[in-house]
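Protein chains: 2
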Amino acid sequence: MERMKQMSTLEQQINFLKEIDRLKSVVRQSPLLDQSRKENSAEHSWHLAMYALILNDYASGTVNTNRVIQMLLLHDIVEIDVGDFPIHGGSSHEVQAEQEASAARRIFGLLPAEQGNNLLDLWQEFELAETEDAQFAKAIDRFQPLLINIFTGGGTWTESGVSLDQVFSRYGPVIKRGAPLLWTVCEKWVSQHFSGQAPRASDSA
Amino acid sequence: MERMKQMSTLEQQINFLKEIDRLKSVVRQSPLLDQSRKENSAEHSWHLAMYALILNDYASGTVNTNRVIQMLLLHDIVEIDVGDFPIHGGSSHEVQAEQEASAARRIFGLLPAEQGNNLLDLWQEFELAETEDAQFAKAIDRFQPLLINIFTGGGTWTESGVSLDQVFSRYGPVIKRGAPLLWTVCEKWVSQHFSGQAPRASDSA
Chain W
2 MERMKQMSTL EQQINFLKEI DRLKSVVRQS PLLDQSRKEN SAEHSWHLAM YALILNDYAS
62 GTVNTNRVIQ MLLLHDIVEI DVGDFPIHGG SSHEVQAEQE ASAARRIFGL LPAEQGNNLL
122 DLWQEFELAE TEDAQFAKAI DRFQPLLINI FTGGGTWTES GVSLDQVFSR YGPVIKRGAP
182 LLWTVCEKWV SQHFSGQAPR ASDSA
Chain A
2 MERMKQMSTL EQQINFLKEI DRLKSVVRQS PLLDQSRKEN SAEHSWHLAM YALILNDYAS
62 GTVNTNRVIQ MLLLHDIVEI DVGDFPIHGG SSHEVQAEQE ASAARRIFGL LPAEQGNNLL
122 DLWQEFELAE TEDAQFAKAI DRFQPLLINI FTGGGTWTES GVSLDQVFSR YGPVIKRGAP
182 LLWTVCEKWV SQHFSGQAPR ASDSA
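Line order of the protein sequences matches chains W and A.
Take the first sequence: its letter number 74 is residue 75 in the numbering used here, and every next letter is one higher.
Take the second sequence: its letter number 48 is residue 49 in the numbering used here, and every next letter is one higher.
Since the hints were made in silico from the structure, they are not lab data.
From a predicted model like this one, the values you see are computed outputs, not experimental measurements.
Be a bit skeptical, because a hint or two may be false.
A pair holds if it fits inside one copy or across any two, identical chains being indistinguishable in the list.
Stated by the list, open to error - Simulated pairs of lysine-lysine, DSBU-like, Cα-Cα distance not exceeding 30 Å:
(1) K39 - K19
(2) K189 - K19
(3) K189 - K177
(4) K39 - K177
(5) K39 - K189
(6) K19 - K177
If we strip away everything but chain W, and leave its shape as in the complex, we get:
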């Protein structure tokens, strides 16, 4: 009987793991650094988890890196249902939030109840951005695409005609709140970019 129950639990878990395979087909606005194609949300999530692992010393508060990694691994799973809302797309924040919450309930709802609720809680914590873990995770989620734009000579900023002021207002507060030192570096790179100089990693020194 115990084994029967465990098997039914496994069935739900495997259905969830199969479903999230679809995140590999959600294409983002940002390119790979070699500009061979656009990045997808699954590999983006992997890269963010590595960013959090490597850069946890720059968090403004005391963070639990492993919780931050878990948040970043699952933060975009809702895009399976609703797609990626680009930061420069001008979509309604309220509509987006409602659609994503509904997607989170459906997708995490595929799991056994307790496990699904735990992950839903973690996803909601990320969205609310009130804890230090979530604020650092949010900062990383803004920092990585900014870096891509810097190192590909403009990326989505050039495509969408984004100005220096818009970069500062759309990325600044979130990165500064969760990882202030990273933002001081970004400010320098962004200013250099918009003044026509090509920033390099060594400019952080």
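Got chain W; can you put chain A on it based on the hints?
Chain A only, in chain W's frame:
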């Protein structure tokens, strides 16, 4: 001075994070579940981390799920230099191990020394597969591609003319050692597959 040092550290970390972007261009043998294209090693690593998060109850020993997740996030980074060695490719294990160790030293060596050494240790622990964490991580790394083959009607087994016995010997010991209950399910699915029945997730119940 302290700040200068911190900035130089950040420069090394960003160079590492830029370098590993290339893992998104390493193409594996396995397809996505919708068979639209082959999987790459970055999104594969993301998926394995999610497998470990969801399936940690099936580990044979007492594992630290967060360490397992970290291992799986970085276990394939060496493929940036040496590519993916397919399980059914018949390549020399010794040559592969040497090339991968050299790649690990180069890539983790981009990081500040202490951080790079810690990640190199974690990568070596995975490779050696002596700890319970590493054995569970290895089991997950075999289980996910097996599942892809099952749910795409054969996948790399069909392409490479792999037999039932070969599947049992190439996947069985590793999955059984790290996650015995998952292997009992695999045995059933694999047997069904090779007898011409199409396994479904509900067959785990």
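These are the hints, each one checked on the structure:
1. K39 - K19: both (23 Å within a copy, 16 Å between copies)
2. K189 - K19: Between copies only: 18 Å across, 43 Å inside.
3. K189 - K177: Close inside one copy (13 Å), not across copies (52 Å); limit 30 Å.
4. K39 - K177: within (27 Å within a copy, 38 Å between copies)
5. K39 - K189: This pair counts as within: shortest intra-copy Cα distance 26 Å, inter-copy 39 Å.
6. K19 - K177: between (37 Å within a copy, 21 Å between copies)
Figure legend: structure checked against the earlier numbered hints; every hint is met.
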